[in-house]
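Colleague: Here is how the chains run, residue by residue.
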Amino acid sequence: MSAAKFIEIQNVEQTFRTPKGSFPALRDIQLTVAKGEFIALIGHSGCGKSTLLNLIAGLTTPTAGTLLCANREIKGPGPERAVVFQNHSLLPWLTCFENVYLAVERVFSATESRAQLKARTEAALALVGLVAAAQKRPGEISGGMKQRVGIARALSMEPQVLLMDEPFGALDALTRAKLQDELLAIVAKTHSTVVMVTHDVDEAVLLSDRIVMMTNGPAATIGEILTVDLPRPRNRVTLAEDPRYLQARKAVIDFLYTRQAHVEKTAA
Amino acid sequence: MVSAVFHPPYPDAAPATALTSKTIATGQETAMAAAIIPSEKPAPAPRPGRDWRGLWLRVLPPVFGLGLLVAVWELVSVWTGASIPSPRDTWAQALEVFSNPFYSNGPNDQGVGWNVLSSLKRVAMGFGLAALVGIPAGFLIGRFTFLSRMFNPLISLLRPVSPLAWLPIGLLVFKGANPAAIWTIFICSIWPMIINTAVGVQRVPQDYMNVARVLNLSELKIMTKILFPAVLPYMLTGVRLAVGTAWLVIVAAEMLTGGVGIGFWVWDEWNNLNVKNIIIAIFVIGIVGLLLEMALIKLATAFTFEEVKS
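First to last, the sequence lines map onto chains Z and W. Per the numbering used here: the first sequence = residues 1 to 268. Per the numbering used here: the second sequence = residues 1001 to 1310.
Simulated from the structure, these hints should not be mistaken for lab results. From the three backbone atoms N, C-alpha and C, an ideal C-beta is built for every residue, glycine too. One or more of the hints may lead you astray.
[What the hints assert, rightly or not] Derived DSSO-like pairs: lysine-lysine, alpha-carbon spacing no greater than 27 Å straight-line:
no., chain 1, residue 1, chain 2, residue 2
1, Z, Lys136, W, Lys1221
2, W, Lys1121, W, Lys1276
3, Z, Lys189, Z, Lys178
4, Z, Lys136, Z, Lys118
5, Z, Lys118, W, Lys1221
6, Z, Lys136, W, Lys1298
7, Z, Lys5, Z, Lys189
8, Z, Lys75, W, Lys1221
9, Z, Lys250, Z, Lys178
10, Z, Lys35, Z, Lys178
[What the hints assert, rightly or not] Label-pair restraints from in silico Cβ distances:
no., chain 1, residue 1, chain 2, residue 2, range
11, W, Arg1149, Z, Ser113, 42 to 50 Å
12, Z, Ala173, W, Leu1060, 48 to 56 Å
13, Z, Gly139, W, Leu1129, 30 to 38 Å
14, W, Met1150, Z, Gly76, 22 to 30 Å
15, W, Phe1228, Z, Gly139, 14 to 22 Å
16, Z, Glu140, W, Met1294, 25 to 33 Å
17, Z, Lys75, W, Leu1154, 31 to 39 Å
18, Z, Gly139, W, Val1161, 37 to 45 Å
[Unchecked claim] Away from chain Z, derived, C-beta distances all over 12 Å, residues of chain W:
no., residue
19, Leu1068
20, Ala1094
21, Ala1137
22, Val1173
This is chain Z alone, in the form it adopts within the complex:
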């Protein structure tokens, strides 16, 4: 298995059948993701970036084309491709610990003892700094904390790929920045392969190695791929004045608001 082609997406097309007829969401998607790479999918609303993420997650199957992960076809969802959902999707009747434990148990209970499973759960919560809230229910903690539990749940499974669907979209700007920094630190530590859907230009540039920019729907496809050539570890304060950062930011904004803007007008 070559590390450079960890996830391969070949000629993928997705058409939804709706009561008004078929709706082409995605066409001609070609993308390869290397192991340990951080990819951001960016585009206007309705451009099918979440659809693409769901295809990689295996939650939906493509109308045409193939998706491979570690040289195996993606046939359905599985714990090796963990998803962090936009609205955290924690189970409200379980404590934070139990929410994470549910995932740990599923993946490791065949080979490990209960004590080991508990240790894994605690380690995952420690990674996102939530040991103190372990016994609280999701209803008792803040939105940022819930999203952290969601990330802890995903990471606890030791997935080969971490898929994130606008994970910080529902948070306020300060909490979002804090979680972005935490995510940078976690990814640096775990060397995870990440595919993240976002509509935040700064988030995309700060976090990712490559930014996949999508054209507007219907029948959206990949418009351009930008390599973010910034050294890691990255610091948002020093990057704010870095010309390479500003250049990358400008390129994404150009794509989104100059070249793709008029399409949205005609679509609307």
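With chain Z's structure known, arrange chain W on it following the hints.
Modeller: Using the frame of chain Z, we list chain W on its own:
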């Protein structure tokens, strides 16, 4: 999909909100009273004291309501020349009836306590059997579209039938009054449980099911960790509706089957032309039904969790 299954899952919402709005209203009055006092006399801290206005508003209307009932009853009693007994006579009779509720002079003459208890026993048995069948059935119907499409026409067809229409079938099959009454209760309480459980399963947020799919949970884990807790509030609503209906139906069923029971007691007292006892029975039936309802509302609120999307 199939319309029969989509019933309002929370018919209890109305009384619940009415209750909270009442508490909020009194809370506001307290706040207003507290705000007025210091503006007149700023030096001493506002005396907490009793909130007389709130108390009046909470206590007086129900008292007026009951008073109206007694007044109308008294008037009817006077108009009918006391063939409907007056509230006072009925009260005297009630004291006598309740002084010894658990006597037993043979099968046709037993205290009101025994009658209520044997009715409750029938309800519990019919209802318990219905829960045993209905809740799992509801889960399956909600979980699998095929089963839902298969059973929905049957449910739509059978649900509107008065449970008493099933009583002769019960008598025929079970060859006894008591099992036939239990059978009737079973039939009337199974529909709300199936329907509410199925609706609950169908309304489990897709997010939770996506979590289950990504984690690749086993069907057993999905049932115990996701479906059951998510459906529990819907299920308890079904249980509450079922108990309410069962308590309505048992009176009618016992009138037809005889034996010991509150419904039979009403009919027996009618044959004795003892109208006072009939009125007492009406109150007893009402109070027991109210207590059952209140207990189940308490139970339901204890198991309702915060929604994820709030």
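Colleague: Compare the structure with each hint and give your call.
Modeller: Hint check:
Distance check on the hinted pair: Lys136(Z) and Lys1221(W) sit about 21 Å apart at the alpha-carbon level, within 27 Å; holds. Restraint check for Lys1121(W) and Lys1276(W): the C-alpha separation of about 25 Å stays at or below 27 Å, so the hint holds. For the hint pairing Lys189(Z) with Lys178(Z), the CA-to-CA distance comes to about 17 Å; that is within 27 Å, so the pair holds. Distance hint between Lys136(Z) and Lys118(Z) is fulfilled; the C-alpha atoms sit about 16 Å from each other, no more than 27 Å.
A threshold of 27 Å between alpha carbons decides the hint, and for Lys118(Z) with Lys1221(W) the separation of about 18 Å falls inside it, so the pair holds. As the CA atoms of Lys136(Z) and Lys1298(W) are separated by approximately 23 Å, the hinted pair is consistent with the 27 Å bound. For the proposed pair Lys5(Z) and Lys189(Z), the alpha carbon gap of about 22 Å is at most 27 Å, so the pair holds. As the CA atoms of Lys75(Z) and Lys1221(W) are separated by approximately 22 Å, the hinted pair is consistent with the 27 Å bound.
Proximity of Lys250(Z) to Lys178(Z) is assessed by CA-CA distance (about 23 Å); at most 27 Å being required, the pair is judged to hold. Simply put, Lys35(Z) and Lys178(Z) have alpha-carbon atoms about 25 Å apart, close enough for the 27 Å limit, and the pair holds. In this structure, Arg1149(W) and Ser113(Z) meet the distance hint of 42 to 50 Å, their C-beta atoms being roughly 45 Å apart. As the Cβ distance of Ala173(Z) to Leu1060(W) is approximately 53 Å, the hint placing it in 48 to 56 Å holds.
Evaluation of the 30 to 38 Å hint for Gly139(Z) and Leu1129(W) yields a pass: the beta carbon distance comes to about 36 Å. Checking the proposed 22 to 30 Å range against Met1150(W) and Gly76(Z) shows it holds: the Cβ atoms sit about 26 Å from each other. In this structure the supplied range 14 to 22 Å holds for Phe1228(W) paired with Gly139(Z), their Cβ-Cβ distance being about 18 Å. For the pair Glu140(Z) and Met1294(W), the beta carbons lie near 28 Å from each other, so the given range of 25 to 33 Å is met.
About 36 Å separates the C-beta atoms of Lys75(Z) and Leu1154(W), a value consistent with the hinted range of 31 to 39 Å. Distance hint for Gly139(Z) and Val1161(W): a CB-CB separation of about 42 Å, consistent with the stated range 37 to 45 Å. Look at Leu1068(W): its CB is around 43 Å from the nearest CB on chain Z, clear of 12 Å, so calling it non-interface holds up. Interface exclusion of Ala1094(W) from chain Z stands, the closest Cβ pair being 46 Å apart, more than 12 Å.
With a least CB separation of 23 Å from chain Z, Ala1137(W) remains clear of the 12 Å interface cut-off, as annotated. At roughly 41 Å from the closest C-beta of chain Z, the C-beta of Val1173(W) stays outside 12 Å, upholding its exclusion from the interface.
When held up to the earlier numbered hints, the structure conflicts with none and fits them all.
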